[in-house]
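Sequences listed follow chains A and B, in order. Our numbering puts the first residue of the first sequence at 1, with every later residue one more than the last. Our numbering puts the first residue of the second sequence at 1001, with every later residue one more than the last.
These aren't lab readings, by the way, just hints derived from the structure by calculation. Check the hints yourself; a few may be wrong.
List of simulated lysine-lysine pairs, DSS-like, C-alpha gap at most 27 Å [what the hints assert, rightly or not]:
no.	chain 1	residue 1	chain 2	residue 2
1	B	K1228	A	K53
2	B	K1228	A	K252
3	B	K1139	A	K252
4	B	K1189	A	K337
Residues of chain B placed beyond 10 Å of chain A at every Cβ, according to the derived structure [claimed, not checked]:
no.	residue
5	A1151
6	D1267
7	E1310
Estimated spans, in silico, between C-beta atoms of each pair [what the hints assert, rightly or not]:
no.	chain 1	residue 1	chain 2	residue 2	range
8	B	K1228	A	A98	42 to 50 Å
9	B	V1221	A	T127	49 to 57 Å
10	B	N1173	A	I74	17 to 25 Å
11	A	M373	B	V1221	35 to 43 Å
12	B	G1319	A	L73	48 to 56 Å
13	B	K1228	A	I245	44 to 52 Å
14	B	D1185	A	I263	45 to 53 Å
15	B	L1211	A	A98	17 to 25 Å
Note that the Cβ used here is the ideal one computed from N, Cα and C, for glycine as well.
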Amino acid sequence: MSTIARAPEPAKASLVNDPKVRGLVYQAVLVVVVVGLVWAAATNAVENLRAAKIASGFAFLNSTSGFDIGQTLIPYSATSTYGRAFLVGLLNTLLVAAIGVVLATLLGFVLGVARLSSNWIVARVATVYVEVVRNLPLLLQLLFWYIAVLRSLPEPRASVNPGLGVFLNNRGLFVPKPIVEGHAWIVFAAVVIGIVASIAYATAASRKQTRTGEQSPVLLVALGLVIGVPALLWIVLAVVAGNPIDFDMPIKGTFNLRGGLQIFPELVALTLGLVIYTAAFIAEIVRAGILAVSKGQTEAAHALGLRSGPTLRLVVIPQAMRVIIPPLTSQYLNLTKNSSLAVVIGYPDLVQVFMGTVLNQTGQAIECVAITMAVYLTVSIATASLMNAYNSRMALIER
Amino acid sequence: MSKRIASLALAMGLGLVGAGLGATTASAQATLANVKQKGFLQCGANTGLAGFGVPDAQGNWSGFDVDYCRAIAAAIFGDPTKVRFTPLAAKDRFTALQSGEVDVLIRNTTVTMSRDTTLGLDFPAVNYYDGQGFMVRKKLGVASAKELNGASICTQQGTTTELNLADYFRGNNLKYEVVAFATSDETFKAYDTGRCDAFTTDASGLYSERLRASAPDDHIVLPEIISKEPLGPGVRQGDPQWADLVRWTHNALLIAEEFGVTKANVDQMVKSDNPEIKRLLGAEGSYGESIGLTKDWAVRMVKGVGNYGEIFERNIGEGSRLKIKRGLNALWNKGGIQFAAPIR
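Chain A extracted, bound-state conformation (with noise of 0.2 Å):
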């Protein structure tokens, strides 16, 4: 082979004519352009708000907010900082946001099987609810929620009282808030043991299941693991040393129940308008991967004798995820960039309490939407890179 002489090489081309060069040289105009572009508006804008004596910078973050929040998930109060304001915000849009994309996805794929079922009544009712939801824009859906959810609740004198101190009126939802204190943490402990204990053995009953083929009660010992033994520790406990968890009940104030933990209706309204709007799309896409599985698929496994819903569960469903995963993420940052519609509803979310309060209050408009625009970018990012590794580890293997 090497005796085969090599080609004379070709003339040296001038660069201007090189394509890698020229690669090259348009990329470094486009970053000192772009640079330049933002050097230039950022120099402008710090100008222009000198020129105009407004305040700039971000030093407004350290000063204190004097004003208050309706929910918080972390201490604050109106002597707080707007900083710390920032994080309250962003908490809430978090919350509201995980609650959502959990909720949302069990709901949609729930009404995506529902609507390729043989149950020509079961099939009608999650085509007409994807079909009406679907259709109506998100805000309106979020005003009836929230005034649907106020107007058919009774006033705090007037509260429903299902037992088990659990209150319902128009100001919330209240249920005793468990305090933990003395010697809870073995409770706890044991919980985070059952766990793991749950998963160690559920891997080792999938490779008995591989090795033998005999399948094991996964399912059982892991409710006992995780829920049975907490409990019994949790009573051996309450007769040994005293109850080692408490509860804060909701008491009758002169106002309100006091006491207890109180969820709110702006949360539920929020939440429950963004998990039926985005289940509808879910359960589309749902739908679609599940369509786009070969019927050749479900006939085989039919054939080895499975029945339907081991079929769709180890042979429909793990091949629709490949389908399902990208289109699901954009509904994941979907439903957390809509969760900034609280604004209307009076959440107090990232956008209502950033955007709206801090940024009146100290007049410091560029800052705050910049920050409120990186917070949400940052967060879309992080959900996309979760979702996209969990996309490759789905994907097909192709030998």
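Given the coordinates of chain A, assemble chain B onto it according to the supplied hints.
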């Protein structure tokens, strides 16, 4: 990953570019010349506060603050209808003024030090002296704001109200739950639906909003006034001519009331011998020219909307649906604190 960071930087950059270029249009220029050239005044108004600024079904605006916009338009153009209104929520109002979206902001806005000094704005006058109060349902049996411990309270965000509320409850060691909304409409609707025990805003606003309640007589206004709320028009800082014009519009309306110059008699009053009236109506001196207008600016204004007292009575006074007493807003020689610097 580096690609992602690059695109992130690009997205942020473009956002900043937008913001930066947006700010250029706000650069201070002679507002009066600009308004004359456009042929109308762009006035930042409330989204809807009965008696102060509210559009009817046909889109015609009326109210106390709205008449101030009309007075300025009349002073400039001789026609009180040459105004266009931009309804602004409390949290958007200052940005709208800063960015040049409106020429003047007359929207029951409290004058405070930080608003005056850090927002790039000026507040040349106080056209209504107010204070913050509370409204509750009668059936709660509450007689004083001090009894509101544990209550949930609806308020509008981005207002001094929101801050005073926090101060008051902290100062009196009371607990409360705040529910804040972006517009006065949403705030009051939430209170009316029963979401809150109390609704708080400036006292004038309480009387105005009560008219919108499904059953106005079921609500009472508590006696405590927990803050000072001097409400006045705002302009961009750095245009002294425009600030002067707005300040003297207010002063001239007060002086007109003081000397009995009304919408009906202003044409006869021009012939008056009283030197104060002569200077006000341009029969003597050239005071109108000093603010970039003509001598008879105040004549046009009073002819268009009447004097301060007439504006007050028509929109919010005892003859109106709001039935607000003049109180602090009476002229200084009638027990109030509205005191105009003289035209001379």
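Status of the hints after comparison with the structure:
no.: 1; hint: B/K1228 to A/K53; verdict: holds, 26 Å
no.: 2; hint: B/K1228 to A/K252; verdict: violated, 35 Å
no.: 3; hint: B/K1139 to A/K252; verdict: holds, 17 Å
no.: 4; hint: B/K1189 to A/K337; verdict: holds, 26 Å
no.: 5; hint: A1151; verdict: violated, 5 Å
no.: 6; hint: D1267; verdict: holds, 42 Å
no.: 7; hint: E1310; verdict: holds, 33 Å
no.: 8; hint: B/K1228 to A/A98: 42 to 50 Å; verdict: holds, 44 Å
no.: 9; hint: B/V1221 to A/T127: 49 to 57 Å; verdict: holds, 53 Å
no.: 10; hint: B/N1173 to A/I74: 17 to 25 Å; verdict: holds, 22 Å
no.: 11; hint: A/M373 to B/V1221: 35 to 43 Å; verdict: holds, 42 Å
no.: 12; hint: B/G1319 to A/L73: 48 to 56 Å; verdict: holds, 51 Å
no.: 13; hint: B/K1228 to A/I245: 44 to 52 Å; verdict: holds, 50 Å
no.: 14; hint: B/D1185 to A/I263: 45 to 53 Å; verdict: violated, 26 Å
no.: 15; hint: B/L1211 to A/A98: 17 to 25 Å; verdict: violated, 42 Å
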